[in-house]
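Residue numbers (UniProt numbering), protein chains in the order written: chain A, 1 to 364; chain B, 1 to 364.
If you are wondering where the hints come from, they were derived from the structure by calculation, not from laboratory data. Don't be surprised by glycine CBs; every beta carbon is placed ideally from N, CA and C. One thing to keep in mind: the hints can contain errors.
[Said to hold, decoys possible] Stretches of chain A that chain B covers, calculated by requiring three or more beta carbons in the stretch to come under 8 Å of a beta carbon on chain B:
| no. | stretch |
| --- | --- |
| 1 | 25-39 |
| 2 | 65-71 |
| 3 | 91-103 |
| 4 | 190-196 |
| 5 | 204-216 |
| 6 | 291-300 |
Number of protein chains: 2
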Amino acid sequence: MIRERHLFGPGPSNPYPEATRALAEPLLGHLDPEFLRIMDETCEMLRTVWGTTNTRTLPLSATGSAGMEAAFVNTVHPGDVVVVAVNGLFGQRMTDVAARCGAEVVAVEHEWGQPVDVDRVLAAHDSPAIIAAVHAETSTGVRSDIAALGAGKGDALLLTDAVTSIAGIELRADDWGVDIGYAGTQKCLGVAPGLAPFTINDRAFERRVEKPRSWYLDLGMLGGYVGEAGVTGGQRTYHHTAPTAMVASLHAGLTRVLDEGLDAVWARHQAAGDALQAGLEDLGLELFAAEGSRLPELTTVKVPDGVDSAAVRKELLESYDIEIGAGAEAYAATVWRIGLMGRNARPDAVLLVLAALKDVLGRA
Amino acid sequence: MIRERHLFGPGPSNPYPEATRALAEPLLGHLDPEFLRIMDETCEMLRTVWGTTNTRTLPLSATGSAGMEAAFVNTVHPGDVVVVAVNGLFGQRMTDVAARCGAEVVAVEHEWGQPVDVDRVLAAHDSPAIIAAVHAETSTGVRSDIAALGAGKGDALLLTDAVTSIAGIELRADDWGVDIGYAGTQKCLGVAPGLAPFTINDRAFERRVEKPRSWYLDLGMLGGYVGEAGVTGGQRTYHHTAPTAMVASLHAGLTRVLDEGLDAVWARHQAAGDALQAGLEDLGLELFAAEGSRLPELTTVKVPDGVDSAAVRKELLESYDIEIGAGAEAYAATVWRIGLMGRNARPDAVLLVLAALKDVLGRA
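Only chain A is shown next, with the shape it has when bound in the complex (with noise of 0.2 Å):
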């Protein structure tokens, strides 16, 4: 029996349908004239996703935690100072990674829950090589801001990770000063997991290591691979086989996207954020996400006392196949996220998520 799950957790998402119906067309092959059409409208969708015009902007092969680590493994030379502003487990993440690559890291750490502090994590280190910010915290759903980091970034390189605001809220990586940013496929832009949509500036490009630790993600390399950094005509140079169908699925989400208008879109997350956070409100529960900072797509909230609250989540996936997430790491027990993203950005999600959990907690 095939399950039918409302993922309302912090992703996957359940996907457009426009997105799921791609994946069940023939397959192409990874240098078919086709596939190179789709890939390089895909590269361009994604410019307009990411509000950036930066020619190397593509869909990498992997999950957004490649994202990550392509981010920085083409960046960092040994040695690099590193400032991470850590306000959550990505942030966290992040100190991992660029210490990997070899960076002197300066993590800033903050309580979880609320956004970066941008004048704590500018005053860090005098002449960092690289600053690097999650915008939407997937961990605790908070919004930081971006803008305010690129403003007064100086000669540093913005890094900034847009997994779970890419097609959800505001995003204008060019306008707010992003050199490097990474996102995933499987939260607001509705398509399965599988891919990271990638920019990169030509001021980070020309900064890059020229032999990255990673072969896989070495972008000198992946320039070819999009024809020319996506440009259409270009000179295409194999280097790995293109995941085709995810790539196809990917391209039909973004369109569905775009045809909505990314306005439109960033308005209906706003309103089923808004929505739910009110209606958790008034079932008498407390948000968790500092208030001004709330992200409308990725909602988190305390758990009762005395509520058990893998029971709960457990008893909605049984009796309403309603997913929705556990707090993060040390907030595993007390946190619950509820994301209404991508597809499932609705009233409908609103109404039937409130309902359920009502439900649950009555009984509980």
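Model the placement of chain B on the given structure of chain A, informed by the hints.
Same frame as chain A, but now just chain B:
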């Protein structure tokens, strides 16, 4: 308009219909009990196609080339001597990847089209840490004797590329002494590209790099990702979001392969390859790979003098929606690569590609 191609190149091949259907099923979350069951069963079926009992057998969340990187990045300590048998593009790539991991690489070069010379590889160094070789060279259509390397490896670890051999020809990792192996999904396994079936035994795992340069491919962390190395009921730890649609598709492809039976699948590939190779010779064409070492699933054939290789491939694609591959690197214009892999290892595919080639060559 959706193009329906016959993917008779070096990969991807047309997936088994079961694998395509699985992609279109409702998406599961990566922590859903239903998905964990699928992942466990996938790891178990991968053990069967690898011919191994290694608990650490799993689908890595990226394409086959990332499997190569995972193999080296987890096992090469700085300064380790790595002997690489180079008899084609993928052996060559191994030298690059190993060097980036800090290896002192001893490359044993062969003429392309020839199998690995086991004696020469084993004599290349007194005490290498690793001996690496490609089982089925996708660039040349050649099979090499991995069992003989395993028999003579001594204390070295044997690292094997099985991208184009897995589920196509005999592969017995444990019997042959393979310590570390990686593969791809898009060839004989009959699944879209995007995952790298991987296996490592205890002997190699105990010698691994404690903190490898890659976070994404760190096998120490990935053990928890599949629940204590894929043992059902093992403790799961979050590492990255599994590409759930692709894993479900691999599960379906593996089920299809094992329902048919590995012996039957191998025999089907052999029959198709034999018929294709005989048919090509009947057309007056000359095979490229050394006799006695020809892969049935991937045939290399010389482009006749005076024939424009690219024009023939273009005509096959435009007239008959048939994709065949160019030769690799120096052989781009002088060799074709014809793959009959997975679903395409069938008598009708043999007939079709031979008839189409005959027609197009007749026009040239």
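Checking each numbered hint in turn, tell me which of them this model violates, lowest number first. 6
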